[in-house]
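Asker: These protein sequence lines map, in sequence, to chains A and B. Residue numbering for the first sequence follows numbering that gives the first Met the number 0, starting at 0 and increasing by one per position. Residue numbering for the second sequence follows numbering that gives the first Met the number 0, starting at 0 and increasing by one per position.
To be clear, the hints were calculated from the coordinates, so they are not data collected in a lab. Wrong hints could be hidden among the right ones.
With a straight-line cut-off of 30 Å between C-alpha atoms, the simulated DSSO-like cross-links for lysine-lysine are [unchecked claim]:
hint, chain 1, residue 1, chain 2, residue 2
1, B, Lys-118, B, Lys-132
2, B, Lys-184, B, Lys-144
3, B, Lys-184, A, Lys-74
4, B, Lys-96, B, Lys-144
5, B, Lys-96, B, Lys-184
6, B, Lys-144, A, Lys-27
7, B, Lys-132, A, Lys-31
8, A, Lys-74, B, Lys-132
9, A, Lys-74, B, Lys-144
10, A, Lys-74, A, Lys-27
11, A, Lys-31, B, Lys-144
12, A, Lys-74, A, Lys-31
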Amino acid sequence: MSQEPVMSESLYIGECPVCHHGRQVVRKLRGKEGFIIRCEECESEWASPAMASDASAAVLGRYDSDRLANRDDLKGHSWVEYVVNWDEL
Amino acid sequence: MATVDLLSAGLGAFGLFGGPPSAMLPQLASLGGRTLTAAQQARLWQSILAGASSVSEAIAVGDLVMMSSSTGSTISQSSGGGSSSSGGNDELDWSIKSSDGETRVDHVTLHSVNDLQKKLHGVFYGNPVEVIKEAWRIKRASNLKPINAGGNVDIYVIPRANAGYQGGYAGQGQNLDNVVIITQKGTRNLITGYPAGAGN
Numbered sequence: 000m001s002q003e004p005v006m007s008e009s010l011y012i013g014e015c016p017v018c019h020h021g022r023q024v025v026r027k028l029r030g031k032e033g034f035i036i037r038c039e040e041c042e043s044e045w046a047s048p049a050m051a052s053d054a055s056a057a058v059l060g061r062y063d064s065d066r067l068a069n070r071d072d073l074k075g076h077s078w079v080e081y082v083v084n085w086d087e088l
Numbered sequence: 000m001a002t003v004d005l006l007s008a009g010l011g012a013f014g015l016f017g018g019p020p021s022a023m024l025p026q027l028a029s030l031g032g033r034t035l036t037a038a039q040q041a042r043l044w045q046s047i048l049a050g051a052s053s054v055s056e057a058i059a060v061g062d063l064v065m066m067s068s069s070t071g072s073t074i075s076q077s078s079g080g081g082s083s084s085s086g087g088n089d090e091l092d093w094s095i096k097s098s099d100g101e102t103r104v105d106h107v108t109l110h111s112v113n114d115l116q117k118k119l120h121g122v123f124y125g126n127p128v129e130v131i132k133e134a135w136r137i138k139r140a141s142n143l144k145p146i147n148a149g150g151n152v153d154i155y156v157i158p159r160a161n162a163g164y165q166g167g168y169a170g171q172g173q174n175l176d177n178v179v180i181i182t183q184k185g186t187r188n189l190i191t192g193y194p195a196g197a198g199n
């Protein structure tokens, strides 16, 4: 281990059912209201947390402009209950 | 692109016989200035024989792409750039960018350092890009097939000793002897690659 570890701070709802290696991160769409879920590793996407445990419901490349959501973005939103690390960040 | 014409190399005529004369084996072993494995030599020889037919075909042989037809056969050394998934080579295409502009090199480089926010995070011992390219060559040589886990991606679990170690908050630094390469389904368009154990 030649480098110091990093701590990537992302709001996430679980582990990806497709690749089993990345977290399912909440991302905010740019230029419009709304959020999506995307695996930080394999980039599989879901339109909502309710379907995000289903690998077969994943899509790829449907959303082309977004960024990591932060607490301010998501405060008061119904998706907060899905976020695993809401109280940690 | 360097090319070697099989007919001018004196190999095309061997299609009339059952196999290559022993005197020509050294040429088969190093055609195009590249060293071929025994398996690649066997495939190459089969393709030379198949070249007597009228069926045109392209067969990837390691880093060599062989074109054979009724008029003869040529071997072309691939450019190695992998810039297009529709070209004749079989290299990974690294051109995808994430919605936030992250390149594939940026993405796989995240696996050069541990990430303790993730449960598991494979960390490469060496240069991620080079190890992934090497793993893809192994995949091609072994004709390894992908796993499709239900999404729109293909997942290749490629044996590659000492690829990296298991990081993340649940990782215990154990050695990882596989490289996972994930591509867009049915393409060579790289999404990510990372070291992994046999189970992931």
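Asker: Can you name, in rising order, the numbers of the hints this structure does not satisfy?
Answerer: Those not satisfied are hints 3, 6, 7, 8, 9, 11.
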